[in-house]
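**Q** Sequence:
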Amino acid sequence: IRDPHTEMQHARGMSLGELLKKKADEGVAVRVMLWDDETSLPLIKNKGANLNKGGPRIPWHDSHACVIGEAACDVLTNFEQRWTKQCDPSLLVPSSTLVNLVPQVNSNTSIENNNWKVQVYRSIDHASVDDLCGNFNAERSIHEAYVEAIRHAEKFIYIENQYFIGGCQWWEKDKNVGCTNLIPIEIALKVVSKIKAKERFAVYIVIPMWPEGVAESESVQDILYWTRETVAMMYRLIGEAIKESGEIGHPRDYLNFFCLANREHKGKGEYLPLDSPHPETDYWNAQKNRRFMVYVHSKLMIGSANINQRSMDGKRDTEIAIGCFQIQDEVEKQMNLSDVHAYRMSLCNEEIVDMEGEEIYIVAP
Numbered sequence: 003i004r005d006p007h008t009e010m011q012h013a014r015g016m017s018l019g020e021l022l023k024k025k026a027d028e029g030v031a032v033r034v035m036l037w038d039d040e041t042s043l044p045l046i047k048n049k050g051a052n053l054n055k056g057g058p059r060i061p062w063h064d065s066h067a068c069v070i071g072e073a074a075c076d077v078l079t080n081f082e083q084r085w086t087k088q089c090d091p092s093l094l095v096p097s098s099t100l101v102n103l104v105p106q107v108n109s110n111t112s113i114e115n116n117n118w119k120v121q122v123y124r125s126i127d128h129a130s131v132d133d134l135c136g137n138f139n140a141e142r143s144i145h146e147a148y149v150e151a152i153r154h155a156e157k158f159i160y161i162e163n164q165y166f167i168g169g170c171q172w173w174e175k176d177k178n179v180g181c182t183n184l185i186p187i188e189i190a191l192k193v194v195s196k197i198k199a200k201e202r203f204a205v206y207i208v209i210p211m212w213p214e215g216v217a218e219s220e221s222v223q224d225i226l227y228w229t230r231e232t233v234a235m236m237y238r239l240i241g242e243a244i245k246e247s248g249e250i251g252h253p254r255d256y257l258n259f260f261c262l263a264n265r266e267h268k269g270k271g272e273y274l275p276l277d278s279p280h281p282e283t284d285y286w287n288a289q290k291n292r293r294f295m296v297y298v299h300s301k302l303m304i305g306s307a308n309i310n311q312r313s314m315d316g317k318r319d320t321e322i323a324i325g326c327f328q329i330q331d332e333v334e335k336q337m338n339l340s341d342v343h344a345y346r347m348s349l350c351n352e353e354i355v356d357m358e359g360e361e362i363y364i365v366a367p
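Here this note's numbering is used: the first residue of the sequence shown is 3, the next is one more, and so on.
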């Protein structure tokens with residue numbers, strides 16, 4: 003928000019955020035307040051959602067992790083770097099004064115009885131943090147970690163994410179929209195390489211039915227369109243590889259996308275809303291059919307990064323994530339005794355039920 007006609011010489015070209023920060027630095031108490039009553043802007047209201055009209059409430063599915071040990075030092079360092087960039091460094095408590103802090107160790111140091119390796123990754127640039135390694139103006143280590151993990155996958159890939167958009171340079175249309183992250187392409191090319199090698203490989207990707215927001219809105223429809231272009235590109239590459247191999251098969255033998263949903267039976271004494279949603283809307287259909295999506299908000303890798311250009315670019319949204327690797331001996335590998343495997347199996351069995359609502363136990367992957 004800028005006022006090009008201001009008479010204040012020093013305020014010309016200043017954004018609202020810069021002005022508020024300037025005043026805060028001068029000691030003025032700045033408060034940003036949001037309100038929602040008859041005086042607020044009606045354009046941002048969502049007329050489709052109303053407590054009087056009832057549910058569904060759109061439950062969320064998410065995944066979290068607690069980082070302890072040496073990797074937590076990287077999380078602390080990230081906080082210190084971001085604080086120093088945005089705020090007064092003198093207000094930051096020196097980490098050297100924190101008691102019971104796990105000491106940082108060299109990355110090559112071996113720790114007994116610890117078979118976990120954890121790495122913290124980021125998407126961030128020089129506008130949000132100082133002291134980026136190698137004098138780079140942006141860090142894209144989350145994107146690089148995804149690509150590295152995909153390239154080293156041997157039997158399958160399992161992903162949960164709030165978005166799945168990328169590889170526009172390989173789309174059939176809209177090649178120049180700027181969504182150039184390599185994750186969807188790398189997955190498709192991994193499958194192609196396995197088809198050529200005549201090796202079994204499977205990819206399971208769980209995403210929400212539509213991203214957060216009103217399904218009929220232009221922004222959500224745009225995201226769904228770009229997601230469709232991404233998926234179509236991947237299936238096209240895999241289909242071409244199957245055809246070239248001369249084998250009988252279908253792209254869905256290798257790559258599948260899933261959305262989580264639920265259906266509720268009407269219960270005795272169930273609350274009846276006072277009003278009804280607008281007819282023929284997604285909201286209305288959800289109530290009529292008593293079916294609703296479970297919103298997938300998780301990111302596996304665990305972190306804040308979505309699989310889209312904003313999160314993977316490094317110069318746009320700031321993100322942080324962790325990648326975990328559990329060292330196993332050969333016996334443990336053969337018997338699938340890792341905690342990673344157990345967690346993945348727990349997720350699969352939590353999400354999959356039969357038509358009667360009974361859980362189906364998944365044996366593999």
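Keep in mind that a hint or two might mislead.
What the hints assert, rightly or not - Each pair of labels, with its calculated beta carbon distance range:
hint: 1; residue 1: Asn-102; residue 2: Ser-195; range: 45 to 55 Å
hint: 2; residue 1: Lys-268; residue 2: Arg-238; range: 18 to 28 Å
hint: 3; residue 1: Ala-217; residue 2: Leu-276; range: 43 to 53 Å
hint: 4; residue 1: Cys-326; residue 2: Asp-27; range: 18 to 28 Å
hint: 5; residue 1: Ser-195; residue 2: Glu-218; range: 36 to 46 Å
hint: 6; residue 1: Thr-182; residue 2: Asp-133; range: 21 to 31 Å
hint: 7; residue 1: Asp-132; residue 2: Glu-282; range: 48 to 58 Å
hint: 8; residue 1: Gly-271; residue 2: Cys-68; range: 35 to 45 Å
hint: 9; residue 1: Gly-248; residue 2: Gln-328; range: 31 to 41 Å
hint: 10; residue 1: Trp-62; residue 2: His-128; range: 49 to 59 Å
hint: 11; residue 1: Asn-139; residue 2: Lys-175; range: 28 to 38 Å
hint: 12; residue 1: Glu-352; residue 2: Asn-137; range: 18 to 28 Å
hint: 13; residue 1: Thr-86; residue 2: Leu-274; range: 48 to 58 Å
hint: 14; residue 1: Asn-102; residue 2: Ser-306; range: 24 to 34 Å
For the record, the hints were derived by calculation from the structure and aren't laboratory data.
All of these numbers come straight from a predicted model, not from anything done at the bench.
Idealized CB from N, CA, C, for every residue including glycine.
**Q** Run every hint past the structure and note whether it holds.
**A** Checked hints:
{"no.": "1", "hint": "Asn-102 - Ser-195: 45 to 55 Å", "result": "holds, 48 Å"}
{"no.": "2", "hint": "Lys-268 - Arg-238: 18 to 28 Å", "result": "violated, 43 Å"}
{"no.": "3", "hint": "Ala-217 - Leu-276: 43 to 53 Å", "result": "violated, 23 Å"}
{"no.": "4", "hint": "Cys-326 - Asp-27: 18 to 28 Å", "result": "violated, 40 Å"}
{"no.": "5", "hint": "Ser-195 - Glu-218: 36 to 46 Å", "result": "holds, 40 Å"}
{"no.": "6", "hint": "Thr-182 - Asp-133: 21 to 31 Å", "result": "holds, 27 Å"}
{"no.": "7", "hint": "Asp-132 - Glu-282: 48 to 58 Å", "result": "holds, 53 Å"}
{"no.": "8", "hint": "Gly-271 - Cys-68: 35 to 45 Å", "result": "holds, 40 Å"}
{"no.": "9", "hint": "Gly-248 - Gln-328: 31 to 41 Å", "result": "holds, 39 Å"}
{"no.": "10", "hint": "Trp-62 - His-128: 49 to 59 Å", "result": "violated, 33 Å"}
{"no.": "11", "hint": "Asn-139 - Lys-175: 28 to 38 Å", "result": "holds, 32 Å"}
{"no.": "12", "hint": "Glu-352 - Asn-137: 18 to 28 Å", "result": "violated, 45 Å"}
{"no.": "13", "hint": "Thr-86 - Leu-274: 48 to 58 Å", "result": "holds, 55 Å"}
{"no.": "14", "hint": "Asn-102 - Ser-306: 24 to 34 Å", "result": "holds, 27 Å"}
When held up to the earlier numbered hints, the structure conflicts with 2, 3, 4, 10, 12 and fits the remainder.
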